[in-house]
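Protein chains in written order, with our numbering: chain A, 1 to 199; chain B, 1 to 199.
Note that these hints are calculated values from the structure, not bench results.
Be careful, since some hints might not be right.
Calculated pairs, EDC-like style, for lysine to aspartate or glutamate (alpha carbon to alpha carbon, straight line, at most 20 Å) [said to hold, decoys possible]:
#1 A:K24 with B:D186
#2 A:K24 with B:E127
#3 A:K130 with A:D185
#4 A:K24 with B:E194
#5 A:K24 with A:E9
#6 B:K24 with A:E96
#7 B:K138 with B:E182
#8 A:K24 with B:E182
#9 B:K24 with A:E88
#10 A:K24 with B:D185
#11 B:K162 with B:D185
#12 B:K24 with A:D91
Computed from a predicted model, the values in this text were never measured in an experiment.
Here's the letter readout for the chains.
2 protein chains.
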Amino acid sequence: MAFFPASFEDLIDRFASLPGIGRKSAQRLAFHVLGLPEGEAEAFAETILWARRTVHTCPVCQNLTDGDICPVCADERRDRSVICVVAEPRDVASLERSREFGGVYHVLHGVLSPMSHVGPDDIRISELVKRVAEGDVKEVIMATNPDTEGDATAMYIARLLKPFDVRVTRLAYGIPVGSNLEFTDDATLVRALEGRREM
Amino acid sequence: MAFFPASFEDLIDRFASLPGIGRKSAQRLAFHVLGLPEGEAEAFAETILWARRTVHTCPVCQNLTDGDICPVCADERRDRSVICVVAEPRDVASLERSREFGGVYHVLHGVLSPMSHVGPDDIRISELVKRVAEGDVKEVIMATNPDTEGDATAMYIARLLKPFDVRVTRLAYGIPVGSNLEFTDDATLVRALEGRREM
Numbered sequence: 001m002a003f004f005p006a007s008f009e010d011l012i013d014r015f016a017s018l019p020g021i022g023r024k025s026a027q028r029l030a031f032h033v034l035g036l037p038e039g040e041a042e043a044f045a046e047t048i049l050w051a052r053r054t055v056h057t058c059p060v061c062q063n064l065t066d067g068d069i070c071p072v073c074a075d076e077r078r079d080r081s082v083i084c085v086v087a088e089p090r091d092v093a094s095l096e097r098s099r100e101f102g103g104v105y106h107v108l109h110g111v112l113s114p115m116s117h118v119g120p121d122d123i124r125i126s127e128l129v130k131r132v133a134e135g136d137v138k139e140v141i142m143a144t145n146p147d148t149e150g151d152a153t154a155m156y157i158a159r160l161l162k163p164f165d166v167r168v169t170r171l172a173y174g175i176p177v178g179s180n181l182e183f184t185d186d187a188t189l190v191r192a193l194e195g196r197r198e199m
Numbered sequence: 001m002a003f004f005p006a007s008f009e010d011l012i013d014r015f016a017s018l019p020g021i022g023r024k025s026a027q028r029l030a031f032h033v034l035g036l037p038e039g040e041a042e043a044f045a046e047t048i049l050w051a052r053r054t055v056h057t058c059p060v061c062q063n064l065t066d067g068d069i070c071p072v073c074a075d076e077r078r079d080r081s082v083i084c085v086v087a088e089p090r091d092v093a094s095l096e097r098s099r100e101f102g103g104v105y106h107v108l109h110g111v112l113s114p115m116s117h118v119g120p121d122d123i124r125i126s127e128l129v130k131r132v133a134e135g136d137v138k139e140v141i142m143a144t145n146p147d148t149e150g151d152a153t154a155m156y157i158a159r160l161l162k163p164f165d166v167r168v169t170r171l172a173y174g175i176p177v178g179s180n181l182e183f184t185d186d187a188t189l190v191r192a193l194e195g196r197r198e199m
C-alpha cells in the first residue's frame, strides 16, 4: 500500500534514483520540494531542463561548456602545447582550483574498464590522438586517478602516443601534503620512495 | 572563477539548496542528471512540476493527497471516532506501516515552536478543534514527536480540547526520548500505541 499520493511517490522515486540518495533521504527531499515557495519548484524543474539544453562538450577538449568552445580553450593565455588528460569534467575543476596549471585539458569522460565493458571507443581517446597528431603539442600529462583503471588508461594512451614526437608524463605519486607517514598505505609509501628526489 | 558552464553551476546550486546535500554531493547529482538518457532528465523535471500541481492537503485530515479527500479518510472501514494527531505527513506513513492503527489522522504540518516563531495559528490546530467540536470523536491520540516541542504541542492541544467530551491520550514512551517518529521501528510504534495513556 502506498501511503502518499502517486505523483508524490513518483517524486520520491526520482530522487531515490539519484546516486547516493536512499529511500529516506529521497522522501525528505520530496517533502522539501513540495514545501518550497511558489515558483521555486518550477525554477528547480526549469534549471534541470535548461542545463540539459545548453550544456554540451567543448569540441576541442571535450570539457563541459555552454559556449562554442570552453573558457579554457578560448583563453589565449593558456599554453596549447601542454595537454592535461583527465577522466571527468570535475577533475578539471579540481586542477583549475589549484591555479598551478597553465596548459589546456582533455577530458576522457571515463576510464578504460574491462569489468564495466568500457573500451577505448567508449571514451574520448581518438579525439586526443587527433589533437596530438595535428602537431604543436609538446607534452601530454596523464592525470587520471592513481588507481588500477586510471593507471591502465594512462598506460594505454601513453603507448598510443608513442609514434608522435610528444613527451607523455604522469602526475607524481607520493604522500599527500599534510598527511602522516604512520597512516600512509604501503603501496603509496613504495611509490613515494621510488619517486624520491634530490633535496 | 567558475569552472563549469553557468547553467550547470545553477543546477549544482539547486541541488545544494536541498536539505542534507553538500556542495560535493550537489556536483555529483548535477553530473548524474546531465548524463541521464534522453528524456529522463525531462521526466525528472516534469515529475517535480506534476507533484507540485496535483498534491494538496486533504480537507478533512490535512494529510497530503491528490484526490478530493485522502485514502484514509475515504476508507469506510476506518474508525472516525479516534483521531491520531501527527506533526507531518511522513508520520502518517510511519504509523500506517505499523498496521496497528484503525482510526483516522490529523496532520498539524508543524509543531509549536516559540524559538522559530511558530504559533498556534501557523499549524492546523483550528481544523482539529473544529473536527472535535462537530462531535462523534471519542478519542484524540497525540502522536507528535517525543521531544520538547512535540510535548508542548500535545499539551497545548490537550488543554484546548478539555471543554469537549473527548479522551485525549499521548503515545506511550516506548519511543526513545529525543528521537524521531520517522525513524522509529514498527515494533516500537506498536508498543507505543498499545501503551498510550490518559493526558
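Status of the hints after comparison with the structure:
For the given pair, A:K24 sits about 15 Å from B:D186 by alpha-carbon distance, which is consistent with the 20 Å threshold. Note on A:K24 and B:E127: the hinted pairing is violated, with a Cα-Cα distance of about 29 Å set against a maximum of 20 Å. A C-alpha spacing of about 38 Å is found between A:K130 and A:D185, which places the hinted pair above 20 Å, so the restraint is violated. With a C-alpha separation of about 26 Å, the suggested pairing of A:K24 with B:E194 is violated against the 20 Å cut-off.
With a C-alpha separation of about 12 Å, the suggested pair A:K24 and A:E9 falls inside the 20 Å cut-off, and the hint holds. With a C-alpha separation of about 16 Å, the suggested pair B:K24 and A:E96 falls inside the 20 Å cut-off, and the hint holds. For the given pair, B:K138 sits about 26 Å from B:E182 by alpha-carbon distance, which is inconsistent with the 20 Å threshold. Straight-line distance between C-alpha atoms of A:K24 and B:E182 comes to about 9 Å, which keeps the hinted pair within the 20 Å bound.
Restraint check: the Cα-Cα separation between B:K24 and A:E88 comes to about 14 Å, which is no more than 20 Å; the hinted pair holds. Between A:K24 and B:D185 the CA atoms are separated by roughly 13 Å; this keeps the pair inside 20 Å, and the hint holds. With a C-alpha separation of about 32 Å, the suggested pairing of B:K162 with B:D185 is violated against the 20 Å cut-off. The suggested pairing of B:K24 with A:D91 holds, with an alpha-carbon distance near 12 Å, which does not exceed 20 Å.
The structure does not agree with the numbered hints 2, 3, 4, 7 and 11 stated previously, though it agrees with the rest.
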